[in-house]
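Visitor: Those protein sequences? They're chains H and A, same order as listed. If you're matching positions, the first sequence starts at 0 in numbering that gives the first Met the number 0 and goes up one per residue. If you're matching positions, the second sequence starts at 0 in numbering that gives the first Met the number 0 and goes up one per residue.
Honestly, the hints are just simulated from the structure, not real lab data. Keep in mind that this is a model prediction, so the values were computed, not measured. C-beta: ideal position from N, C-alpha, C; glycine also. Not one of these hints is a red herring.
Below are the SDA-like pairs computed for lysine to any residue, each with C-alpha atoms no more than 20 Å apart in a straight line:
#1 K182/H <-> P498/A
#2 K51/A <-> R158/A
#3 K367/A <-> N148/H
Pair by pair, the computed Cβ-Cβ distance ranges are:
#4 S744/A <-> V29/H: 54 to 60 Å
#5 K182/H <-> E722/A: 56 to 62 Å
#6 L87/H <-> L715/A: 34 to 40 Å
#7 D794/A <-> N114/H: 51 to 57 Å
#8 E115/H <-> L715/A: 38 to 44 Å
#9 N22/A <-> V272/H: 18 to 24 Å
#10 K86/H <-> D794/A: 43 to 49 Å
#11 W510/A <-> K268/H: 37 to 43 Å
#12 P150/H <-> E213/A: 41 to 47 Å
#13 K182/H <-> E563/A: 42 to 48 Å
#14 S744/A <-> K86/H: 46 to 52 Å
#15 M400/A <-> P150/H: 35 to 41 Å
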Amino acid sequence: MNAELEKILKEAKESLAAATTPEDTENIRVNMLGKNGKLTMILRSMGSLSKEEKKELGAAANAAKRELEELLNEKVAAVKAAAQNAKLAMEKLDVTEPGTPVEFGAEHPLTVTTNELVKVFNQMGFTVVEGPEVETVWYNFDALNAPVNHPSRDMTDTFYFSENQLLRTHTSPDEVRTMQTMKPPFKVVIPGRCFRYDTPDATHSPMFHQMEGLVIGEGINMADLKGALDRFAKLMFGEHVKTRLRPSHFPFTEPSAEMDVSCFKCGGKGCNVCKGTGWIEILGCGMTHPHVIKAAGLDPEKYTGWAFGMGIERVAMLKYGVDDIRLFYENDMRFISQFK
Amino acid sequence: MLTPIKWLKDYVDINMNAEDLGNLMTTAGLEYEDQKKYGELIENVVVGKIEKIEKHPSADKLVVCQINVGGPENLQIVTGATNIYEGAIVPVALDNSRVPGPLHGHEKEEGGSVIKKGALRGVESNGMLCGPQELGWADKVAPYISKDGIWLLPEGEDRLGESIVSVFDLDQAVVDFGVTPNRPDWLSMLGIAREVKAFTGKPFNLKKPEVKAEGSGKAEDYISVEIRNPACRRYTARIITDVKIEQSPWWLQHRLMLAGMRPINNIVDITNFVMLEYGQPMHAFDISTVEDGKIIVDTAKDGDTFVTLDGKERKIYSDTLMINDGKKPIGIAGTMGGLNSEIEETTKTVILESANFDSSSIYHTSKKLNIRTEAQNRYTRGVSPAICAEAADRFCQLVEMVGAGKVVPGMVDIYPDPEVLPTTKVRVSRMNLVCGTNLDRDTMKGYLEKLDMKVEYTDSADVMLVTPPPTRRDMLEEVDYTEEIARMYGYDKIEYSIPKDNITVSVSKSWALRAQARRLMTGMGACEIQTYSFVSPKGVEKMGLSEDSWERNFLKLLNPLGEETSVMRTILTPNMLEVLARNLNRGNLQAKAFEIGNTFMPNLIDPNDMPNEELSMCIGIYGGDADFFRLKGMVEAFLDGMGIKDYKFTAESEYEPYHPGRCARISIGEEELGIMGEIHPSVAKNFEIEEKVYICELMFEKFLKLSENEKHYSPLPKFPSTERDIALVVDEDILVGDLEEAIKSCGGEILESVKMFDIYRGPQVGFGKKSIAFNLVYRAPEKTLTDDDVAKVHDVVLEALRNDYKATLREM
Numbered sequence: 000m001n002a003e004l005e006k007i008l009k010e011a012k013e014s015l016a017a018a019t020t021p022e023d024t025e026n027i028r029v030n031m032l033g034k035n036g037k038l039t040m041i042l043r044s045m046g047s048l049s050k051e052e053k054k055e056l057g058a059a060a061n062a063a064k065r066e067l068e069e070l071l072n073e074k075v076a077a078v079k080a081a082a083q084n085a086k087l088a089m090e091k092l093d094v095t096e097p098g099t100p101v102e103f104g105a106e107h108p109l110t111v112t113t114n115e116l117v118k119v120f121n122q123m124g125f126t127v128v129e130g131p132e133v134e135t136v137w138y139n140f141d142a143l144n145a146p147v148n149h150p151s152r153d154m155t156d157t158f159y160f161s162e163n164q165l166l167r168t169h170t171s172p173d174e175v176r177t178m179q180t181m182k183p184p185f186k187v188v189i190p191g192r193c194f195r196y197d198t199p200d201a202t203h204s205p206m207f208h209q210m211e212g213l214v215i216g217e218g219i220n221m222a223d224l225k226g227a228l229d230r231f232a233k234l235m236f237g238e239h240v241k242t243r244l245r246p247s248h249f250p251f252t253e254p255s256a257e258m259d260v261s262c263f264k265c266g267g268k269g270c271n272v273c274k275g276t277g278w279i280e281i282l283g284c285g286m287t288h289p290h291v292i293k294a295a296g297l298d299p300e301k302y303t304g305w306a307f308g309m310g311i312e313r314v315a316m317l318k319y320g321v322d323d324i325r326l327f328y329e330n331d332m333r334f335i336s337q338f339k
Numbered sequence: 000m001l002t003p004i005k006w007l008k009d010y011v012d013i014n015m016n017a018e019d020l021g022n023l024m025t026t027a028g029l030e031y032e033d034q035k036k037y038g039e040l041i042e043n044v045v046v047g048k049i050e051k052i053e054k055h056p057s058a059d060k061l062v063v064c065q066i067n068v069g070g071p072e073n074l075q076i077v078t079g080a081t082n083i084y085e086g087a088i089v090p091v092a093l094d095n096s097r098v099p100g101p102l103h104g105h106e107k108e109e110g111g112s113v114i115k116k117g118a119l120r121g122v123e124s125n126g127m128l129c130g131p132q133e134l135g136w137a138d139k140v141a142p143y144i145s146k147d148g149i150w151l152l153p154e155g156e157d158r159l160g161e162s163i164v165s166v167f168d169l170d171q172a173v174v175d176f177g178v179t180p181n182r183p184d185w186l187s188m189l190g191i192a193r194e195v196k197a198f199t200g201k202p203f204n205l206k207k208p209e210v211k212a213e214g215s216g217k218a219e220d221y222i223s224v225e226i227r228n229p230a231c232r233r234y235t236a237r238i239i240t241d242v243k244i245e246q247s248p249w250w251l252q253h254r255l256m257l258a259g260m261r262p263i264n265n266i267v268d269i270t271n272f273v274m275l276e277y278g279q280p281m282h283a284f285d286i287s288t289v290e291d292g293k294i295i296v297d298t299a300k301d302g303d304t305f306v307t308l309d310g311k312e313r314k315i316y317s318d319t320l321m322i323n324d325g326k327k328p329i330g331i332a333g334t335m336g337g338l339n340s341e342i343e344e345t346t347k348t349v350i351l352e353s354a355n356f357d358s359s360s361i362y363h364t365s366k367k368l369n370i371r372t373e374a375q376n377r378y379t380r381g382v383s384p385a386i387c388a389e390a391a392d393r394f395c396q397l398v399e400m401v402g403a404g405k406v407v408p409g410m411v412d413i414y415p416d417p418e419v420l421p422t423t424k425v426r427v428s429r430m431n432l433v434c435g436t437n438l439d440r441d442t443m444k445g446y447l448e449k450l451d452m453k454v455e456y457t458d459s460a461d462v463m464l465v466t467p468p469p470t471r472r473d474m475l476e477e478v479d480y481t482e483e484i485a486r487m488y489g490y491d492k493i494e495y496s497i498p499k500d501n502i503t504v505s506v507s508k509s510w511a512l513r514a515q516a517r518r519l520m521t522g523m524g525a526c527e528i529q530t531y532s533f534v535s536p537k538g539v540e541k542m543g544l545s546e547d548s549w550e551r552n553f554l555k556l557l558n559p560l561g562e563e564t565s566v567m568r569t570i571l572t573p574n575m576l577e578v579l580a581r582n583l584n585r586g587n588l589q590a591k592a593f594e595i596g597n598t599f600m601p602n603l604i605d606p607n608d609m610p611n612e613e614l615s616m617c618i619g620i621y622g623g624d625a626d627f628f629r630l631k632g633m634v635e636a637f638l639d640g641m642g643i644k645d646y647k648f649t650a651e652s653e654y655e656p657y658h659p660g661r662c663a664r665i666s667i668g669e670e671e672l673g674i675m676g677e678i679h680p681s682v683a684k685n686f687e688i689e690e691k692v693y694i695c696e697l698m699f700e701k702f703l704k705l706s707e708n709e710k711h712y713s714p715l716p717k718f719p720s721t722e723r724d725i726a727l728v729v730d731e732d733i734l735v736g737d738l739e740e741a742i743k744s745c746g747g748e749i750l751e752s753v754k755m756f757d758i759y760r761g762p763q764v765g766f767g768k769k770s771i772a773f774n775l776v777y778r779a780p781e782k783t784l785t786d787d788d789v790a791k792v793h794d795v796v797l798e799a800l801r802n803d804y805k806a807t808l809r810e811m
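Pulled out of the complex, with its shape left as it was, chain H reads as follows (with noise of 0.2 Å):
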């Protein structure tokens, strides 16, 4: 009988040797260890026998059903891992293939750049503020100081809807509607639609975007102005960045400014964005003029502040490089989707 458990013991060795598939496997195994498998006929069979030959033989027949099953589990995960492999190996993809598109679109270049400095803004404490495209002459002029003679109320300047309703021309008639709302000290800026009556050329749109600021307060300086100003061209064009202010003029503040920033493109040297000077004309700003604050209904003895105003197209297109205005209002999405 022992002969017969390793001649049986030695097929399955052999047969399983043999096996590739996880089929071959499971046929040794009912072979061997099914029903009527071999092995477990062999078991089946030692009811005639002695005692003793029960023992002995029962405990040999064991053993080889042990080791059988050990055997055909290696072999069944080595026969799988094998399968599997090779089920790997057909998968193989060339990963050099470009990827399944997923579309996401792009923000308009102005949205992008007023969203820049809004971000720069809001880290130096300033809230948004917005207000209507359609103002009165009242808030557009009169409130800041503008003489009455002064060009900018012509109607070859401005866009009127009735002698006393126009386009704003600027984002400034927001000041003197935040000095109404808020209470100072508070420090805001201004983005929003302007209107002025140019015929589109490159670098003229009657349509554009400015973004104002004003700071009212008690003690507030024309230190305050500079060291404010200084850190947003910073924090907007990089830290290397030098600013400078020169004396300017306008009706809504006194002193009045305009700022530069030292070319971010040549740091100075000369270069056509900055037309050989080093220096790149960013914004006007100035001291917030007495009269406007007292048109407001604040006191301007006792609250002083600053403003300032700036083109965001004028700032996209020096920051992007774009050559001519009329592409913002063009909307050809193939200029849109650079600015993802």
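Let chain H serve as the given structure and place chain A on it in line with the hints.
Guide: Just chain A now, with coordinates in the frame of chain H:
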């Protein structure tokens, strides 16, 4: 303001080149805009005298000139110019010479143009006679007698053959300063010189003009002046007799040309010179045309007309201030003289007007009559009435200097209400408070005195009383002095400070929602567009909207640039369609675009009150995977993302811009939120779109109250769900939305969700029918549902569908 450096040096002894001066004055607020160098690129151009002019043997339009250029032999030059004569002194470009150009009839060449000898129609020509433009002067400053021909030089006969650059001192630099509107005094050489003096500390040289007055009689013997309208603040007049009208001497012409004005004749040139020097506009009348020996300043009558110096007949009005003689108008005050009193070669006696007119009167005249002149520009910005007399004296001094006539003693000077500029209380503390400086009173006083202000101390150590010089009419109140002190101190010396404050940043809901909307839309692959707020009224017409539709109730501009931008947009769709059309035209095969922006409606309650400005949003797609349901999917995802709940789509077949069978209104309960669909093919065609385009316009303003962005947590289900898929065969006109509603209403509390996942049309269900498959998910929060639990509800659902929609159940 064009500022010739050499001229400026008459008043301040600066030793600076144009660029250094420009940069220095920029720090004073007098912005250095540009500089121009004259006399550059001129080589081998000499002074010549035309000895002889003969006809060209074979060309009617050419002449052959013999030119004396100082050598033993004359130089033969052929020219086409017609303003030359024998004896004229002219610039001669010799063989191998260079001029800046442009050459007559040619483009300007970089680095100038080289002139070589040659032959013109067979006749040897050894160079070129030059016009002013060829030597680098702008057309508008070319001397009147030379403006379309050869430059007839006013002198130089004694220096034939010498370089034109040295004989005429052409080597000059001019700085162009940008003048801010608050500083009309900078529209004069003296105003600029005073500023340069203040900022360089150099002494200022200006002598009061001295007039010999060798004419006979007294000015008032010749003329009387009457001011009938207070818009004329002052009128001074002087009389010049024995006038000889001729070309001005070169130095005078040269200065005018450098400063951007055209030399005409000596009298006119001197008026312009004094205007440039003092900023005081002047006008000269021929006394022989002035009737009754009277000058009367008064307004015109509506309907009158008047012919100005330039020969144009102009309408004048009841607010047009005129200069009249005893019988008729002879000039428009501060704007332009009349043709009827113009200085001519025969003029013998001249009335010089040096007057002051109110800026607003001149401003309105220039607007109404549409005239812009140098005089009007200065009056509009404001001229000090204090300088009339001195400027008139300066005119007389120059007349005597150039020998243009004899000045009659005395001056007629009507100045009923002499201007007194305010003396202002200036506080040292206020200056330091506003500018963040720490300057003392003496320093401030020093700055102000450099600007010719008169400063008095008071008992208070904080207060100074300051009076400006007459030309500084912009100095009205304390803040004006703050700026002057800051300017003199130097903006660059003011410190940088970052004040500590505890101001916190807030974000408005509208701003946040727009940012959220842009994130959602770009995440879905759409690009943001921005279009004009003003549009053509044709846009909504092209959309097929009827005349009485609210979309055509526009807020209209009084003065649009053109029809294209004449009304404020009421909806965003027309602009979107235009943008999509443009993209299609340019070959962009597909696009997904959106815009968020204001729309405008006239105020219906009171049209004079502010109009309604409301945010709207438009989505537009074409090409690629664009179809109705693609857009609907985007809209649904967008609304979900915006926190809009319980919105529904209902079919709309009446709204003209859309395909009648492919349009849906979007609403929440009774509240309309927007509309979407496929644009009607005829409408698309009106926008020159041949493709299917899909548009959605949403009333974004309503999101401000509808959007619910608060996040809530509901516990994850503890018990398993049971799903049932059903397929219903129904008539084609049964709406999916209605079936869904029906299922929901019968599903009770245990119906967790219902989702349509397939529609089948075809032979298996028969014509006019469709099979719609839904997935229903049942779940109870507190237990596992048994089949019986589900069946109780599910059977009710099926029963309702059978009864109410004639739906038959199809095997899944």
